[in-house]
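Residue numbers (our numbering), protein chains in the order written: chain A, 1 to 157; chain B, 1 to 203.
Heads up, a few of these hints could be off.
[What the hints assert, rightly or not] Computed from the model, here is a short list of chain A residues facing chain B with C-beta under 10 Å:
#1 Asp30
#2 Ser42
#3 Ala92
#4 Val96
#5 Thr97
[What the hints assert, rightly or not] Pair by pair, the computed Cβ-Cβ distance ranges are:
#6 B:Ala143 to A:Ala38: 50 to 56 Å
#7 A:Glu116 to B:Gly57: 49 to 55 Å
#8 B:Ser186 to A:Thr48: 50 to 56 Å
#9 A:Ile58 to B:Pro157: 15 to 21 Å
#10 B:Thr117 to A:Pro121: 24 to 30 Å
#11 A:Pro121 to B:Glu154: 29 to 35 Å
#12 B:Phe103 to A:Ala38: 16 to 22 Å
#13 B:Phe103 to A:Thr27: 22 to 28 Å
#14 A:Asn77 to B:Thr138: 42 to 48 Å
#15 A:Asn77 to B:Gly57: 21 to 27 Å
Source of the hints: derived by calculation from the structure; they are not laboratory data.
For glycine and all other residues, C-beta sits at the position ideal for the given N, C-alpha and C.
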Amino acid sequence: MLRNPVKRTLAALALIGLALPAVAQTTVSDAWARATVAHQQSSGAFMTLTASTDSKLISVASPVAKIVQVHQMTMDNDVMKMGEVDSVALPAGKAVTLDPNGYHVMLMQLNQQLKEGEQVPLTLVVEDAKGVKQTIEVKAPVRALNAEAMSGHQHMH
Amino acid sequence: MTDLLTRRQVVAGISLLGLGALAGCDPRSGGALDFKYGKDMSNKILGRSFKLKDTQGNVRTLSSFWGSMPMVFFGFTQCPAVCPTTLARAAQIKKLMGRDAGFLQVVFISLDPERDTPEVLDAYVKAFDPSFVALSGTLEETAAAAREFGVFYEKVPAGDTYTLSHTSTSYVFDSRGQLRLGLSHSLNAKECAEDLLTVMEVC
Chain A
1 MLRNPVKRTL AALALIGLAL PAVAQTTVSD AWARATVAHQ QSSGAFMTLT ASTDSKLISV
61 ASPVAKIVQV HQMTMDNDVM KMGEVDSVAL PAGKAVTLDP NGYHVMLMQL NQQLKEGEQV
121 PLTLVVEDAK GVKQTIEVKA PVRALNAEAM SGHQHMH
Chain B
1 MTDLLTRRQV VAGISLLGLG ALAGCDPRSG GALDFKYGKD MSNKILGRSF KLKDTQGNVR
61 TLSSFWGSMP MVFFGFTQCP AVCPTTLARA AQIKKLMGRD AGFLQVVFIS LDPERDTPEV
121 LDAYVKAFDP SFVALSGTLE ETAAAAREFG VFYEKVPAGD TYTLSHTSTS YVFDSRGQLR
181 LGLSHSLNAK ECAEDLLTVM EVC
């Protein structure tokens, strides 16, 4: 409800190096979604979340997919396991990464092909320890299907 | 079994005479190999008799890839994490292998034939590298292929659809169709490329 004013206030406070004392606030950075090929039904979205107070990510919605869930990928003896999680804990001040190796947003039953360079709107709902909910709008740029090769431990010189 | 052995003997004969001599196959190479990062699978017999179709509808078996070094990975195109990461790594491995890259044949086997049509599969793997091959079969053929490799997979319900949990190992055969190396998802492209060169040295 106070989305934009709060965001602006936070941005202003961040500029002068102050923390927001009373209202829990979560920032999102490096959001992206993976491109799909024609008729591919699902894809993933990734980002880094940082909450100012202990909070949790409780839901994600997007107009590009009929089903949006937060999943966790775990490795068990080289078996990749997938499963929906109820929420993702966001400890105060700690950057929590949703990436292809752990938690991620699943976009299923896509309404359209996701093409490189486009943007995927995501609506995140974060709840703080007091049960106060914050809604965050994110525009995740679509990166190439093989985006992995460009970052992280795959990077080669 | 007799049939399989006969075929193996024929292949061994062929490779000794022709390809073996050309590629410099080490005749002592039946034993275990030392890999720096991956798992030696030289003593395992997996994936010998799968029969699936490529995206053009041609039947492919392991013997279709003799003379190259097939790297087989099971997955599905709606996989958000492990599959694109592994295929992107495979493309990166090819770059790192330089002149030897043509020898590596990446084979992606779909565990989700209900949704992975040949069209989607073809576009999907070629988005990573135009040389990658995708195979699929009926549900029964898929189950048989997975069983042969000891690959675990299961559907996980998600809303009114599903996703899959599955084994994320890449299986590498030498040019004579002998299983050699298992590459874990956690290895990076450089580590994989080093181990693949070890397979190439043998055969």
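Looking at the structure, which of the earlier hints fail to hold? 1, 3, 4, 5, 6, 7, 8, 12, 13, 14 and 15
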